[in-house]
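Engineer: What follows is the residue order along each chain.
Number of protein chains: 2
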Amino acid sequence: MVVATQSLEELCINSIRFLAVDAVEKAKSGHPGLPMGAAPMAFVLWDKFMRFNPKNPQWFNRDRFVLSAGHGCMLQYALMYLVGYDSVTLDDIKNFRQWGSRTPGHPENFETPGVEVTTGPLGQGISNGVGLAMAEAHLAAKFNKPDLTLVDHYTYVILGDGCNMEGVSGEACSLAGHLGLGKLIALYDDNHISIDGNTEISFTEDVGKRFEAYGWHVLHVEDGNTDLAAIAKAIEEAKSVTDKPSLIKVTTTIGYGSPNKNNTAGVHGSPLGGDEVMLTRQNLGWNYDPFVVPDDALAHMRKAVERGASLEAEWNKTWAQYKTKYPQEAAELERMLSGKLPEGWDKVLPTYTPEDKAVASRKHSEICLNKLAPVLPELIGGSADLTHSNLTELKGFGDFQKGSYQNRNLRFGVREHGMGAICNGIALHGSGLIPYGATFLVFTDYMRAAIRLSALSRAGVIWVMTHDSIALGEDGPTHQPVETIASLRAIPNLTVIRPADGTETSGAYKVAIENAKNHKPTLLALSRQNLPNLAGSSIEGVAKGAYTVVDCEGTPELILIGTGSEVDLCVKAAEKLTAEGRKVRVVSMPAWDLFEAQDAAYQESVLPKAVKKRLAVEAGVSFGWCRYTGSEGDSISIDRFGASAPGNVCLEKFGFTVENVVAKAKALLG
Amino acid sequence: MVVATQSLEELCINSIRFLAVDAVEKAKSGHPGLPMGAAPMAFVLWDKFMRFNPKNPQWFNRDRFVLSAGHGCMLQYALMYLVGYDSVTLDDIKNFRQWGSRTPGHPENFETPGVEVTTGPLGQGISNGVGLAMAEAHLAAKFNKPDLTLVDHYTYVILGDGCNMEGVSGEACSLAGHLGLGKLIALYDDNHISIDGNTEISFTEDVGKRFEAYGWHVLHVEDGNTDLAAIAKAIEEAKSVTDKPSLIKVTTTIGYGSPNKNNTAGVHGSPLGGDEVMLTRQNLGWNYDPFVVPDDALAHMRKAVERGASLEAEWNKTWAQYKTKYPQEAAELERMLSGKLPEGWDKVLPTYTPEDKAVASRKHSEICLNKLAPVLPELIGGSADLTHSNLTELKGFGDFQKGSYQNRNLRFGVREHGMGAICNGIALHGSGLIPYGATFLVFTDYMRAAIRLSALSRAGVIWVMTHDSIALGEDGPTHQPVETIASLRAIPNLTVIRPADGTETSGAYKVAIENAKNHKPTLLALSRQNLPNLAGSSIEGVAKGAYTVVDCEGTPELILIGTGSEVDLCVKAAEKLTAEGRKVRVVSMPAWDLFEAQDAAYQESVLPKAVKKRLAVEAGVSFGWCRYTGSEGDSISIDRFGASAPGNVCLEKFGFTVENVVAKAKALLG
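Those protein sequences? They're chains H and E, same order as listed. Sequential numbering of the first sequence, starting at 14, is according to my numbering. Sequential numbering of the second sequence, starting at 14, is according to my numbering.
Please note that a few of the clues may not be correct.
Note: identical chains are not told apart, hence a pair may lie in one copy or across any two.
[Said to hold, decoys possible] Restricting the straight-line Cα-Cα distance to at most 20 angstroms, the calculated cross-link-like pairs of lysine to aspartate or glutamate (EDC-like) are:
| id | residue 1 | residue 2 |
| --- | --- | --- |
| 1 | K376 | E325 |
| 2 | K666 | E124 |
| 3 | K533 | D652 |
| 4 | K415 | E213 |
| 5 | K155 | E645 |
| 6 | K533 | E124 |
| 7 | K622 | D309 |
| 8 | K222 | E406 |
I should point out that these hints are in silico values taken from the structure, not numbers from a laboratory. All values reported here derive from a predicted model rather than from experimental measurement.
For reference, chain H alone in the conformation it holds in the complex (with noise of 0.2 angstroms):
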């Protein structure tokens, strides 16, 4: 009855609320974030501003939206079931939370079309949702003509008080601000809530003052719960300024319409509970049943469909005009679009003999990406400041800045974290750019989170990591990985490849960019010093994961086992102990995902189970080599922290050298 003084919008935000309310309830589980301070700007978003096609998830030119408190996932649900998605259904949103559902307890892009990006982990999204934009800024610079705007969309993205606390989102927006990120929206849900209580006991900060320290365009809506005119004004604003990324901040009440508990962190942290599930109906007058929408609403959201079909038509009558005035650029995009990569790409990964010169394979890759720059026209990237150390530029390309956005090196200053988020985010722009980020393996550490999420939410990256073992020498322990390479391989779905000459660079590239067109990361190990070209390394032996680059007749007594910059000191050790008349094998183990995933047969055919004398070399942690060696085999590792001095004087004090893998070697064969 009370249902009757309700206007058409409040209709649709509070089936937005109940939604997840009952969902909620439903699936009784903690941390599920009640949408209901959040669901007018949502709803006016998403309503009157988002252009998208429910009915095809993927269209090209959609706005991106990206929900950053990604606890807050029932929001997302609820629109998606309200405006049509094919991938949200009421039975998904009943099962909220349940094995095999699409509603995840956060949104996962792998596992919901529609879903944009992986959050949950929070001020991920907001940094993702800084890649979406430098890809669109990107896109659109490159490929629209004067006459012709092919790629032109927004990116917006909800975000929280937590996101806005952690480090993450402080870089990725110091860089969108620096960058002039025009069509990047963010609404800033104030609530002062996180989940141990009120704000007011760990965050103070003038968050807008904040922002516009950056350089954002920083807006407020003073009454976020019923205001929907001023959110509406503000969202137009935002689209009014163009050479500044804008920040709407929202205040809400957390918990909205609950009587007893909103404006708690109760509401953030647990289902309201059956009685104040009952309560918060009647104080928002609504009396349908759980899981009921109200005609008018759905049909109301339902209009999306619609206009999105429209939208998308719209959209392909310009495109069909581009294929035709611009057939060269139109192929270009179709291609990138379709994920194919050009024929006959690989052709110019070069391959080297052991007369060639050597150089590190930070060097190889700096020669592999500036090969591949011509052909790839999708490779986009750059190193958190250390561009001359990592020898990532692609020369000739130029800088992407605020007015040269068509550029593809990428300056992400000092701020590993925001790199990969942001790296993530223009990998899942689904536009098939391949972006890559680089610093010193070390530094992984300061972006684990989003390698983790690479590989989780199948956003294909390239981590360019050099400097990659206590071989760099005077930076001393804090810089040096020794642990680094060991807890990158533990990661799922990342493959790891630590090349051991110029051709096993080559054959790195290969994977990657091959990886990154099936949604995989792929994180390189390059060294800083240089290393010499092997006689039997090779680009297909890198694709296996492991393979045999010196062997003996027969049977070999011992299999020396090396990655990286030590194949070469078990080929010069295996060259002395064959001297000697010993029957020895050496193995290259770039990547030991890749060998994981070959057949038993190849397996066995390069560490036969019968060869149980196996030294493993590598210049980090023994952690996980076991797996190789086994129970009667050994490793030549580093199980400590390094030091400062030249590189080779770390190498030689820590055992790695010619000798003491023949003195070993000798201990193994008794």
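Once you have looked at the hints, place chain E on chain H.
Structural biologist: Here is chain E on its own, set in the frame of chain H:
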């Protein structure tokens, strides 16, 4: 000859500069960071403001100095040599960045007495500084009396553009502003240059305004190259504002004095080179030979020795009075400073029997923390906004806030990385405080750089990590650690403990507290779900890393090895197998590194080499387990990301059931 025209102050500053220039030149190593622009501010700070005793670097009430821009470490080494620290000799300076010298490539507290914390990874130092200032504020609030001020020192930090770009510094500085840490004074070496070149390419935000938004007091010295009076005045002003931390932006020229390389990234990343060194000497009128310090300068700087002795003597007088007037408080502080634990402190740790209620190990952790809090007044810590999930509140000990610094519950906000660096700072304050920091285990990824630094820099922190497996359930794979424990075990010098029940949680805290006093960090991995109390668990067993909790008669046919929540699965599976006549041992292995530290005889007694059928059960990746299961063993693991569903459903779907353990065991037994 030009020297004659230099004031004593200029002589001192140029002594710092050229000790650095000469050391860097001799070391010929990359990325040394020449402190040409930062020398004046550092000189003013150390000469006019800093209170320390070079002959007793650990003097308790010293001002703390942190060079957050750690790559400029020659600045600190030069200062330390000049003011008379025994830990940095002229020989050490000549052996900059060489094996065995006390002048490593970045400041390392464990190598060089007088260096407070380990910096180099950018943003850590300023965040450690927040921790140091919090430690001072806490101890001052706790021990100072109206008539006797025992604790009263500043924390001074020099940081650069790189530090300011890092998210971790944003997190820590936002909290410092919230807490109003008036004795934290940061000098921002604003030289517009980072490794990639001018900060214009990626860092154009208004840093001062950002810090104002955090609630800091912000000052600006326009000419930091020569205006010593302005630097001194700014530090005076900073000291006069007691309710806010201060940021003094000191605008400088990188490579000041080098005619051709000043104001370029070239000075950041490499030595000047012989010719340019000569030109710089000429330009600054410095006609001393390399490593020669004019007598006047040395004599002036060395006055710090006398000054320090007298400062300490004066403080000792206060301390003597304090001991007389406040013997109880004095005894407490004295014990804390001694590094000793109170007699019988560990008696408060509870043990349990199977009859005791099954509760989560995070709950047991809460019990331990609250049992320990009254007997260990040095225990101080909190959570990154997950207090009631991590269960880390010290009940009745209040919140550490502006105006209540004597309290012991730290409210970090959603700032995991900042929390990590702050805890390191509190531990390295050297006053005996035992800090702890908490979040979900998976979010160690956000703070891994700080956890690594706790291990490297010997910071006795306790990392309290809860929700330690897929069993956390509904939050889904973004929140479910799978590779996390393995990746943490790989870090040298970090004890990782995953207790199986209440008694083991007590054992974990016993180790963690003792570790802390021995300057070693410990990470606890605790369950969200309830765990039954085992019959065979023990506090002593945890200290040995692994031990038998269920045994059979004679030599076992099979050993089941479990950690944490999976030990109970092993026990129940063993019961079934035993009932079927099998001889099965169950080993609980809460801490790998503690087991590795046992002698061979103990290791053999737990895991006899002859028993080759071994099954490890852990709800995480298999990575590394081969070390204990050997070539003939197996593991029940989860080598993929988890899924959103109730925890018990996740466990079942991924094979963590008694039935599956029994089945896998039988498969091994053949």
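Engineer: Hints first: check each against the structure and report whether it holds.
Structural biologist: Okay, the hints, checked on the actual structure:
1. K376 - E325: neither (45 angstroms within a copy, 54 angstroms between copies)
2. K666 - E124: between (49 angstroms within a copy, 18 angstroms between copies)
3. K533 - D652: Between copies only: 16 angstroms across, 30 angstroms inside.
4. K415 - E213: between (37 angstroms within a copy, 11 angstroms between copies)
5. K155 - E645: neither (58 angstroms within a copy, 57 angstroms between copies)
6. K533 - E124: within (16 angstroms within a copy, 42 angstroms between copies)
7. K622 - D309: neither (69 angstroms within a copy, 73 angstroms between copies)
8. K222 - E406: Neither way: K222 and E406 sit 34 angstroms apart in one copy and 32 angstroms across, limit 20 angstroms.
Of the hints listed earlier, those the structure fails to meet are numbers 1, 5, 7 and 8, in rising order.
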